Amino acid sequence: MTGNIDMKHWLIAMVLLACGLSTDAQQTPSTHKPSSAHGREVFLKLGCFACHGTVGQGGAGAVLAPNTIPLAAFQTWVRNGTPGWSVTSGMPAWSPRILSDDDLVDVREYLATLPAPKAAKDIPQLNN
Amino acid sequence: MDNKDEPKDSAVNRRAFIAGAATGAAVVLAQQASVASAQETAKPVVEPSVQVNTRPASDYMVDVFKSFGMEYMFSMCASSFIGIHESVLNYAGNKNPEAIACTHEEISVAMANGYAKIEGKPVLVCAHATVGVQHAVMAVYDAWCDRVPVYLVLGNTNDAAQRNGDVYWVHSAQDPAALIRDMTKWDDNPASITHFAESAARAYKIAMTPPYGPVALVVDDHMQDEPVPNNLRVPKVAVPTPPSGDSGAVAEIAKLLVAAENPTIVAGRAARTPAGTQLLVELAEALQANVVDTRQRMNFPNRHPLAGGNAASADVVLALEPGDISNLTRAARRRNAQVISVSSGHLFQRSNYQDFMRYAEVDLAVAADAEATLPALIEEIKRQTTAARREAFRQRGDKLATAHAAAFERTKNEAANGWDASPVSTARLSMELWAQLKNEDWSYVTGWVNWPMRLWDMTKHYQYIGRAGGEGVGYHAPASVGAALANKKHGRISVSIQPDGDLMVAPGALWTAARHQIPILMVMQNNRAYHQEVMWFQREALSRGRGVERTQTGFGLGGPDIDFAKLAASMGVGSSGPITDPKDLAAAIKRGLAVVKRGEPYLIDVVTQPR
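Just so you know, the protein sequences line up as chains A and B, in that order. Just so we're aligned: the first sequence equals residues 1 to 128 in this note's numbering. Just so we're aligned: the second sequence equals residues 1 to 611 in this note's numbering.
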């Protein structure tokens, strides 16, 4: 299920980008230097992990890592959200008042720099 | 439940009078004299029948319950059914039914729910007709929504003249079953012992006729003490055969399915008995059609090559005892696909609670029990299948098998994600369990976590029994203990992945498991929150442009963190944890399974990821 959501969010983000829906962060050049450590703090503090897991592995929400989507698509997805009536079928939109542009960049940096998980074939418990 | 003081005046005197009458034939003359003395001062409201004998009606009632094959009586003790309780212990020797002590009526009913889903029949559940039923309601609702046969006996003081004192009055009702009438199939409040006999038998038949469901019998507390008429016998009960689809409907379904290019079977509560799982396999293989198991029961082996997929591209959908299929039918209508529903739900519904789901526009509705309909349907499909269609089916089956294998590999890759995370991922927890269960005769008796249904190898009916029908919090712990009790005599290892918030509703189930030596391995899914509601809060706050940092208030279960290992230990359940490092899981599971194999419960507290 999480894999499907991941793909769905990817596609929606791409469509939103193509439609010109974008964020201030994209329109204003930023001098902010991404911080993975701070991104982790924000990710946990704001409860992103509730849907996506503490290492972005997915859960009720989409898989965010590995293969984290590019920054522009990530910003568009978070700022606009995706439709859905329940907590497992959509992503709420996060406004800059709740999650600043710099923090959003840091969250994405945290997810993108997480070490890749082991391959399933190399985990004995997944091959029973 | 209640804590009535020693009854006084006419109530106690009446009991004493009857007891005195009973012991009149006994040999303990000193006691007889004492009771006779009490009789002299007693002024019973109801004169004793001329048929007074030494056998109280509750003995007879227990004989009736015994005739149903009831193995257990689950109850929290109460004076209003104490006659039945006494008869179970002293008359029946605490065997068939055996009294199981519960600490809350919600636990009694949820345990009966879990037991019935494993064993296929009800136990006796006794509860006080007012305060007991008020505790039991949510669990009754779960059983109602989940089509589970639960047999409730509610003790009440029907006769106002027999209610002595405030407590009797507040613990009596004119119509005790009214509170649960919208979530039971039938109830009665018999006015005599003969009436009880007939209604008890009728209640059992109704509970056990698909669609299964809860029934309630109010039993007056004083009636339990009345003498049994000498000529009263235990009524015979012939449980009706479940209704199957008529031959014309079956032939039409077969015709549609055989002609379909991409048929899909959707199974809700289709496998009502162990035979149901095998029949579904036969049906799917006859058609080489995929089966979408919505997991209200273990309908279809999850690793079968035809398991999974979806109904999005189906041209014919066969929905067997489904839940909400309104989305499915709307989508089907848009692509001119046909939907067939076979369900006993077409036969019986109530109005108030909305568990009947949104109206689904199906093309063919068959009011019948799906499992009972399958043998004829399978035969008819085989009869109508030509050699050409058989070859088309084979090619379709090959494609589905390939897709199934690919999906299984994707699921394993998803499970690998976050494998070493702390808190422990629910996938890791599930698969560490599986690694040690795979060679055992196991039963996954409950859990929110769906990795077992995706990655374990489930082939048998008892290996998964679904969740709470009404999605009420507080089902998992007691239902899993009831299911484990049913599994006990079969020597199965019962395992649950127990949500933390759920255990906090009814932790007394742990004590019952310890008190009655019910073997079960409970592994906590301790995410330290009412997690679903955390996500709803975030959604609500964000939609209003407000902050999400206050989720711990009212939604969290941390600060202080609950020590579930100590909670279990305090009630006599062996335990370990909290475990936060996934590398510690395997050893803890090994220790826990060793205890369970000795016939005892064991709890492992694992701090987990949210989902």
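Simulated from the structure, these hints should not be mistaken for lab results. Please read all numbers here as calculations on a predicted model, not as lab measurements. Even glycine gets a Cβ: it sits at the ideal position worked out from N, Cα and C. One should not assume that every hint holds.
What the hints assert, rightly or not - Here are the simulated SDA-like pairs of lysine to any residue, each with C-alpha atoms no more than 20 Å apart in a straight line:
#1 Lys255(B) / Lys438(B)
#2 Lys121(A) / Asp420(B)
#3 Lys583(B) / Asp122(A)
#4 Lys460(B) / Asn128(A)
#5 Lys566(B) / Thr553(B)
#6 Lys438(B) / Arg598(B)
#7 Lys412(B) / Ala116(A)
#8 Lys45(A) / Lys66(B)
#9 Lys566(B) / Ser543(B)
#10 Lys590(B) / Ile123(A)
#11 Lys118(A) / Gly559(B)
#12 Lys121(A) / Ala407(B)
#13 Lys45(A) / Arg410(B)
#14 Lys583(B) / Ala119(A)
#15 Lys45(A) / Trp536(B)
#16 Lys45(A) / Thr553(B)
#17 Lys412(B) / Lys45(A)
#18 Lys45(A) / Gln134(B)
Unchecked claim - Just a sample of chain B residues kept apart from chain A, beta carbon distances all over 10 Å, derived:
#19 Val167
#20 Glu285
#21 Lys412
#22 Lys489
#23 Pro610
So, going through the hints one by one against the coordinates:
no., hint, verdict
1, Lys255(B) / Lys438(B), "40 Å, violated"
2, Lys121(A) / Asp420(B), "15 Å, holds"
3, Lys583(B) / Asp122(A), "16 Å, holds"
4, Lys460(B) / Asn128(A), "18 Å, holds"
5, Lys566(B) / Thr553(B), "24 Å, violated"
6, Lys438(B) / Arg598(B), "19 Å, holds"
7, Lys412(B) / Ala116(A), "15 Å, holds"
8, Lys45(A) / Lys66(B), "58 Å, violated"
9, Lys566(B) / Ser543(B), "40 Å, violated"
10, Lys590(B) / Ile123(A), "19 Å, holds"
11, Lys118(A) / Gly559(B), "33 Å, violated"
12, Lys121(A) / Ala407(B), "15 Å, holds"
13, Lys45(A) / Arg410(B), "31 Å, violated"
14, Lys583(B) / Ala119(A), "17 Å, holds"
15, Lys45(A) / Trp536(B), "17 Å, holds"
16, Lys45(A) / Thr553(B), "14 Å, holds"
17, Lys412(B) / Lys45(A), "30 Å, violated"
18, Lys45(A) / Gln134(B), "40 Å, violated"
19, Val167, "45 Å, holds"
20, Glu285, "25 Å, holds"
21, Lys412, "4 Å, violated"
22, Lys489, "28 Å, holds"
23, Pro610, "5 Å, violated"
The structure is inconsistent with the numbered hints 1, 5, 8, 9, 11, 13, 17, 18, 21, 23, although it conforms to all the rest.
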